[in-house]
Amino acid sequence: MRTTSIALMLAALAVPSVALAQRGRGAGPGAAPPTPRAAAAVDLTGYWVAVVTEDWRYRMVTPAQGDYQGVPLTPAARKIADSWDPAKEAASGELCKAYGAPAILRVPGRLHITWQDDQTLKLDTDAGQQTRLFHFGSWKAPGGPKTLQGDSVAEWEGGGRGATDGSMKVTTTNLKAGFLRKNGVPYSENTSVTEYYEVVTQPDGSPLLVVTISTTDPEYLRTPFVISSQFKKEPNEAKWKPSPCSATW
Amino acid sequence: MVRYTLTVVALLALAAPARAEIDFSGSWASINHEDALERGAGPNPADWAGLPFNDSGRAKALAFNQSVISEPERICWFQTQWHIAAGPFSLRMWAVPDPVTGRVQAWIVGAWETRAPMTIWMDGRPRPSKNAPHDQTGFTTGVWNGNELVATTTHLKAGYMRRNGAASSDQATITTHFRRHGNLLTATMFMDDPVYLTEPYILSRAYNLSTNPVSIGGPPCIVGDEGVESGRVPHYLPGDNPYVGEMTKRYGIPVDALMGGAETMYPEYRDKLKDKFAMPGKCAINCGG
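Those sequence lines, one after another, are chains A and B. The numbering of the first sequence is the working numbering, which starts it at 3 and goes up by one. The numbering of the second sequence is the working numbering, which starts it at 42 and goes up by one.
Keep in mind the hints are simulated off the structure, nothing from the lab. Hints may contain errors.
Here are the simulated lysine-lysine pairs, DSS-like style, with alpha carbons at most 30 Å apart [said to hold, decoys possible]: (1) A:Lys241 x B:Lys315; (2) B:Lys323 x A:Lys178; (3) B:Lys323 x A:Lys81.
Here are a few chain A residues that face chain B, going by a calculated C-beta distance under 8 Å [said to hold, decoys possible]: (4) Glu56; (5) Leu75; (6) Ser85; (7) Pro88; (8) Gln131; (9) Thr133; (10) Glu157; (11) Gly161; (12) Ser230.
Taking CB as the label site, the calculated pair distances span [claimed, not checked]: (13) B:Asn224 x A:Glu236: 45 to 53 Å; (14) B:Pro158 x A:Leu135: 40 to 48 Å; (15) A:Glu236 x B:Thr142: 40 to 48 Å.
These figures come from a predicted structure and were not determined experimentally. All C-beta atoms in this analysis are idealised placements derived from N, C-alpha and C, irrespective of residue type, glycine included.
Using the sequences and the hints given, assemble the complete structure.
And the structure:
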């Protein structure tokens, strides 16, 4: 009887380590740490469609010139937004200013999230055909010119022990200046973005991707601009519809 | 033998998946950057774009006349818990321990003016009978999913989803997911209403942890005479709502879109909008900044 009890105790102690190992987090001493892909705190992969229930007037259609309701702009930024000219933007050749990292998840469209490799999560958009790369681990930005999607470093937060509360924190820098909204509400090249990607369970049991986005810009924002976007999961690529950037629609 | 059995039971309890908990206590300042106008001064009349209305929800909204809240019976018409998402207010949250065990019995989301406090029961108590009275507070239970607190609210009185007449029924269920990232809180809320919606209406809101204490109440509402004739219920008959078309004039958005419906929430709806939308001129009112 005593032997049986000891065996039960050992079995009980083994339960959590087995569970963690199944999540890729239970490597023993000396073993290589699990890759970010294996250690994912939440599964973000798949096709996701934007659910536009918030800021509808600023996202589904092009807002009026000088309409920056809700955005904590500095006076300098308001001046820029007030001078936005859709015709000039359309003619400028730079049609993707409203599709940069601070704004791309507000664009009505679909996301396709995949693992590019064990260290890098890739997010593609059909609207504007943008690609963002989220680099885990000890990745260092190569430097070079600022870009629309910048350099993004990712890390997992939470999750484990059977919960589905994990999230991905992404910090993006080295951004080229662009627009927070299609109507020329500006962000500068000094902008950085912190995002939290997480999946919550809808009442019908299906997953909803919620991304909380905090944009900091010492030049054009008085305080961080914080918004959150939602996406429903789709079974496949059937509704994936790539479209180019537009400066006016 | 008893000692060993107890030890095994204790170890099994430790080995079970953690019912992790995180501390949501504190004052959370609402960040009203999205839907700023709707949550602040109030939405434009007859603007229901992005709401997954069914025909009943739309008809009810079109009949709405803002003067109903001048009726003595409705002056103190408190909002349901949906006001957390649809209103502009900050949150104050605290835990209530069981006096005997010390375990958290409930989380409270404090009241604010026209919204009653939300008590999230964490002690596993059963939900009341479906025939139990409904009120604006409703009945809310919570469970932990790791560090996520999921609250489910039922037994609500009829209320609103958007403060321009988009109504919620007493059959609605609100599910709220609270998640914390350091000093940032995200509350994702689902309004599931079989009477007025074809699918849940989803809003997510962000809050900053604040050292300024958030009020947990407000001045009492006092019924007064605002001049509404006794026995009269302000309303618009079908086809008579004078605000339909106002958003079209101001923002160039076609009326069809403003009448809501689930399709208006999804990207492909823009294909229908594209040829009907007229780019508005320079912003003249409620422009922000």
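Hint-by-hint comparison with the structure:
1. Between Lys241 (chain A) and Lys315 (chain B) the CA atoms are separated by roughly 18 Å; this keeps the pair inside 30 Å, and the hint holds.
2. A C-alpha spacing of about 27 Å is found between Lys323 (chain B) and Lys178 (chain A), which places the hinted pair at or below 30 Å, so the restraint holds.
3. Straight-line distance between C-alpha atoms of Lys323 (chain B) and Lys81 (chain A) comes to about 13 Å, which keeps the hinted pair within the 30 Å bound.
4. The interface hint given for Glu56 (chain A) holds, since its Cβ lies 5 Å from the closest Cβ of chain B, which is under the 8 Å cut-off.
5. Satisfaction of the interface hint for Leu75 (chain A) is found here, the shortest Cβ-Cβ separation to chain B being roughly 6 Å, below the 8 Å cut-off.
6. A least Cβ separation of about 11 Å between Ser85 (chain A) and chain B goes past the 8 Å threshold, and the interface hint is therefore violated.
7. Of the supplied interface hints, the one on Pro88 (chain A) holds, with its beta-carbon coming within about 7 Å of a beta-carbon of chain B, less than 8 Å.
8. Residue-level restraint check for Gln131 (chain A) is violated (minimum Cβ-Cβ distance to chain B is 14 Å; threshold 8 Å).
9. About 18 Å separates the beta-carbon of Thr133 (chain A) from the nearest beta-carbon of chain B, more than 8 Å, and the hint is not met.
10. Given hint, Glu157 (chain A) at the interface with chain B, is violated; its Cβ is 12 Å from that chain's nearest Cβ, farther than 8 Å.
11. The restraint placing Gly161 (chain A) at the interface with chain B holds, with a minimum CB-CB distance near 7 Å, inside the 8 Å limit.
12. This hint holds: Ser230 (chain A) has a C-beta 4 Å from the nearest C-beta of chain B, less than the 8 Å allowed.
13. Taking the beta carbon of each, Asn224 (chain B) and Glu236 (chain A) are about 33 Å apart, not inside 45 to 53 Å as hinted.
14. At about 45 Å, the CB distance of Pro158 (chain B) to Leu135 (chain A) agrees with the hint of 40 to 48 Å.
15. Taking the beta carbon of each, Glu236 (chain A) and Thr142 (chain B) are about 45 Å apart, inside 40 to 48 Å as hinted.
The structure shown violates the earlier hints numbered 6, 8, 9, 10, 13.
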